[in-house]
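Each chain is listed here by its residues.
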Amino acid sequence: MASTPYQHVASRSIVEGSGHSHATQSGIWVGIFAITMSFAAFTSALMVRQGTGDWRHIELPPIIYLNTVALLLSSITLERARSRATHGSRSQLRDALPWLAATLALGLVFIAGQYFVWRQLASAGLYLATTSNSSFFYVFTAMHALHLLGGIAALTYLIARIAPRQAPPRWSLFEGAAIYWHFMSVLWLYLLVVIAMRL
Amino acid sequence: MRAKLGYIVGLAALAACAVIVHAGPSGGTVSGKVTYEGTPAKQKPIDMSKEPSCAKQHATPITTETVVTGPGNALDNVVVYVSAGAPDEGAPSQAAKFEQKGCQYIPHVLAFQVNQTLEIANADQTSHNIHPLPKVNREWNKSQPPGSAPIVDKYDKPEFIPVKCNIHPWMHGNFAVLKNSHYAITEGEGGFSLANLPPGKYTITAWHESYGDQSQDVTISGNEPKTVNFVFKAKPY
Amino acid sequence: MGKFFAVILVVITLASAYPIVTHKFVQPEDISTHGHAIDEQLADTMAEGGFAFVGAQLLLAFFVWKFSSRKDGSKVTHLPGGAKLMVATAFILVGTEVLALGVLGQKAWADVYFTSPKPDALQVQAQAGQFAFYFRYPGADGKFAPLHPDKIDEGNQNYFGLDPANDVEARDDIVTAEMTIPVNREIHLLMHAKDVGHSFYVRELRIQQDFVPGLDLSLHFTATKTGKYEIVCTQLCGLGHYNMKAYLNVLPQDEFEKWLKDRAAEQ
Amino acid sequence: MEEAAVQPAHVHAPPEGFISKYIFSLDHKMIGKQYYGLALVSVFMGMVLSWLMRFHLVWPDVKVPALGALAPTGAPGGLITPEYYLSLLTMHGTLMVFFVLTNAPFAGFGNYFLPIQIGAEDMAFPRFNMMSFWTTFVGFLVLVLAFFIPDGPPTSGWTAYAPLSAVGKDAGPGLGWGQNLWAISIAIFCVGQLLGSLNFISTTLDLRAKGMTLMRMPICTWAWFITSCIGLLAFAVLLPACLLLLLDRMAGTSFFIPSGLVVSDRLQNHAGGSPLLWQHLFWFFGHPEVYIAILPAVGIVSHVLVTSMRKPLLSAKVLIYSMMSIGFLSWMVWGHHMFVSGMNPFSSLLFSFPTLTITIPATIITLIWLGSLYGANIQITSASLFALGFVSMFVSGGVSGFFLAQPSIDIYLHATYFVVGHFHMVMGVAAIFGILSGTYFWFPKMSGRMMNETLGKLHFWITFVGTYCIFMPFHYLGLVGNVRRYASFVDDFMAPLMPVHKFISIAAFITGAAQLIFLYNLIHSRFRGKVAPENPWNATSLEWSIPSPPPWNNFGGRHPVVFHDPYQYGVKGSKGDFVMQDSPEQITNG
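Those sequence lines, one after another, are chains A, B, C and D. Note that my numbering has the first sequence beginning at 1, numbered continuously upward. Note that my numbering has the second sequence beginning at 1, numbered continuously upward. Note that my numbering has the third sequence beginning at 1, numbered continuously upward. Note that my numbering has the fourth sequence beginning at 1, numbered continuously upward.
By construction, these hints were calculated from the structure, which means they are not laboratory data. One thing to keep in mind: the hints can contain errors.
Ranges between beta-carbon positions, derived for each pair [to be verified]:
{"#": "1", "chain 1": "C", "residue 1": "Asp-120", "chain 2": "D", "residue 2": "Met-250", "range": "49 to 59 Å"}
{"#": "2", "chain 1": "A", "residue 1": "Leu-146", "chain 2": "C", "residue 2": "Pro-28", "range": "36 to 46 Å"}
{"#": "3", "chain 1": "D", "residue 1": "Lys-21", "chain 2": "C", "residue 2": "Ala-100", "range": "58 to 68 Å"}
{"#": "4", "chain 1": "C", "residue 1": "Thr-22", "chain 2": "D", "residue 2": "Asp-491", "range": "51 to 61 Å"}
{"#": "5", "chain 1": "A", "residue 1": "Tyr-115", "chain 2": "D", "residue 2": "Asp-491", "range": "42 to 52 Å"}
{"#": "6", "chain 1": "C", "residue 1": "Asn-166", "chain 2": "B", "residue 2": "Pro-52", "range": "32 to 42 Å"}
{"#": "7", "chain 1": "D", "residue 1": "Phe-503", "chain 2": "C", "residue 2": "Gly-227", "range": "23 to 33 Å"}
Since this is a predicted model, take the numbers as computed values, not measurements. We treat Cβ as the ideally placed atom computed from N, Cα and C, and that holds for glycine.
Let the sequences and hints guide you as you build the complete structure.
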């Protein structure tokens, strides 16, 4: 039990600079983990539910693929923004601004696109409660859209903070938002596969 | 035995209200008989073994009451009422009484008027649960522990409402919520009589929980008696 | 104060063990062919669990008695063997015990669930609904008629939703509120839920199985002793849950047949 | 460098004004107290509900006019209806499991002491932290609202099994809007807990003081950390489950409702849903939830015990690893709640083995406690008494779990009072003992005043004996086959057991009343208690190195450096038989 003084006093939180930027990072990852978990739950629900019959496949409106493209593009533009503002100094962030705006726009395009997808399904007579497949489709897409709105809010906040006569946002926030946004794209790809294959 | 008694009590109550309500100028009387043709469904004995406190009240098990018949193909528990021609009436002051006794509804069919007070009492040693299933009126579902006060309620729209007890699935009854006081429920011989109808053209309707309803028009000019008979088609199943 | 705690704990421990040791509270007599396995399993577990319970509590009491508010305060000593000893004990003692019981236990479970009913087993269908059980016997034709939920009419005793007007098979099906079975004959119970989840629990039969709506399960068992037993619902099913029960009558073969005939006459 | 590092680290300014100090506070200490307060309110509500249940069970025909006035539909003329009994049961379970057992030991004490014990000035995300509490609070309000709606509180139990919970009002009173409110409340609660867990994890990983390596964290910090990891997964699964339930109820979907159900003579318009799906999702959360309730208590109790023993545990490491393995195993055992639910019988076997295996780490923890008591010098205080009581409860409750883990025995004991006795002992009362032990131990730090020891000990004796009197007989009833969740035992196999039920009820009333002593002690000591020194228990962890109560930024701008493992007791130190974690002095074993 005896320990000599000053024995491993090194702890990353102090030595490697601010614990809080780390915290933001790990916070994002932990959050991503939780979101993954709940979508895993939705998926397992789908698996169980599939076993119980009345499984009628639904025709996916092609717009959904355009939306996918838009979302993937947004990830690319976001990367461009990140490479512009590598260390988050005021001027670098200003250079990144147009790319950030583009990302935000593409995100909004995606949401709008999803809305049209819902409209099309509805006009085809497929509502939330029509079949178990439609139920799952609306649940998956709506939950994803909901989470993406979070990302959109974060981007809007960043852009507002980068705008003139403002203290620039902490770089860790920028990175956090970026990680989350990319996760949203990955999550969507996963959902699209599930939807296309299972529903 | 008790069941019979219950009927008489119930009907006495009804007769009572009838009398009081019609303390007015006398008019014509429409009377008649409700019968069935064909073989009615067999009424099965009810096994209450899951509720000993009720089972021991019935020396011989009571039977279902979805089709109760009398001598000469008489059909009982038919509500005969004036469905058109008579003005709507305000509710009488007396309460219509519905009792749960020996895990049975007494009476099986209870007729009362719109906005008339309805009193539901529990005479048993066990909790009952009263769950009327209206379509147009407000629905409620309440339990009534033994020894608790009667549940008091009223309905503001005319409707035939099936009543069930969730705790004792075999307990089923009916509320007939009517617009006016010109009604009768057939009993024993299947006869009915609607008295004191002022001159006018009326539609007389007979309603039965299993066989639906039938209507006939009748015109009354003075205070002469008219006869209207109803015949329902009975189904074996 | 520490000594007081020790005393109280010893009293509690012995008081708790007393009703078990003296068999004040035991499960009702087993009337099934598979039940003894469950009872033995329960007895073994009670013995080992009881030992662990009493042992741990008394040890706790003893240590608190001996090592609380000592005069020679500051001088603390350590248990020879330390954590290693504890971990070893846990793994060896508990580990083996656990696995042993685990493995043994599966036999009893297997008796109930991994064997299929003999072809000559008597088929009875049980339907659970808020808040009563109803039972159906196939009748003369030996066939259960199909169920039509939309035909259910409880006021008319049509609890299962039979359609005698159109299905001839339905006309001789026998529906009862009590479950009557012949003694020493295997019963194949077909379970159907009408509305929500329920459960079929007969203590004396050592049988408990949920009714799952939309999923018709089946059970099989043999009652070895005539008598009247309680069938109760153990899955919360709504306001009448406490009142959801039926009786199980185990009769000699001949009396059972007579009973079935009488019921058939009533239908 | 260090300044630069920690200046932004202090994420909020000292609170000014009542609102920012006491209501929408960003200070983890105030938020911790808020959680604790919410739990305190909930626990007394839950206790009163259980009183009403126990009263109704043994005196079903005695009228309680006051209750009749409070709940005219639920208890007409003061007689509790069967459905209202189920409402009481459901609300009791929900309040206790979610708003007490999850809030107090984890969110409450965790919020207050985790940052201090790792030498941080606050949580990583104070705003999330505040949101987390207020979300939970809204969840609480929504749940309690169910008492005041015409439909009445939900009646489907805290497990809300579908389809009973999904088909709506046809299934009975309380299953209309009452059940909606339940599902909404739990969904909101999940969000709150997710925010909280996220905060705990990031804080523990990144805001530890210089020298505070993971293995130097006190055991309760570890417990909170492990718990937050479990919580993150568990609530992330319960949330979707609640959403799907709400969709089935409000949007007419059929996730949990199969076709052809006739409820109250009405054919339900749903198709193909799976009732077992709800059970799987619920118990996948539900079993880990048990450990969310018990692990923080294990941590707190170890922390208190080791301080009162004046000697280190045999091995804190082993204890921590055991907690981890319990947390890990908790993900493979949910099916043991479903042995008789119609799940494939083979999977029952698969689920029973990891369940039985949990006995091993649990036993290790117990033996570590017992073994550490050997040769100790136990200081008997209210705190240590409750800690010792916890050990006893933990054993009693654990042993009965050993029965239920075996499918074959569960066939007989499932859904009997044996189960009720089991989880009340191991998850309910044991966790409560942990909370109480923590309260007596940390109250001086939190309030700056000592609690009254005499009252505290009185409280302990009544509670300890009382809980055994209540929950041991539950097991006996279960062995006889007394089914749980029954509103009454008239005309019944179980009626002869009524004397036992009477005994339990009376014990419950007395034990419950004894909690008022605690409440009085708490409030009275808060204002009149004698002023507490910085380190009243001669303890070693960081929370005892700062004033009582701590300043708004915990260490007053100082950045503690940690030199030792958390529990340096039974040594020759400058202050006595212990050396504090942040004291640079050499340790020479006594």
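A/Leu-146 paired with C/Pro-28, Cβ distance criterion 36 to 46 Å: The hinted range 36 to 46 Å is violated for A/Leu-146 and C/Pro-28, with Cβ atoms some 54 Å apart.
Outcome for the supplied range 23 to 33 Å, where the beta carbon pair is D/Phe-503 and C/Gly-227: Holds - the Cβ-Cβ distance for D/Phe-503 and C/Gly-227, about 30 Å, lies within 23 to 33 Å.
Outcome of range test on Cβ distance (C/Thr-22, D/Asp-491; 51 to 61 Å): violated, 29 Å
Hint check for D/Asp-491 and A/Tyr-115 - Cβ pair distance inside 42 to 52 Å: At roughly 60 Å between Cβ atoms, D/Asp-491 and A/Tyr-115 fall outside 42 to 52 Å, so the hint is violated.
Consistency of beta-carbon spacing, D/Met-250 to C/Asp-120, with hint 49 to 59 Å: holds, 50 Å
Whether the CB-CB distance between D/Lys-21 and C/Ala-100 falls inside 58 to 68 Å: holds, 59 Å
C/Asn-166 paired with B/Pro-52, Cβ distance criterion 32 to 42 Å: Because 37 Å falls inside the window, the suggested range holds.
Hint compliance for this structure: hints 2, 4, 5 are not met, and every other hint is.
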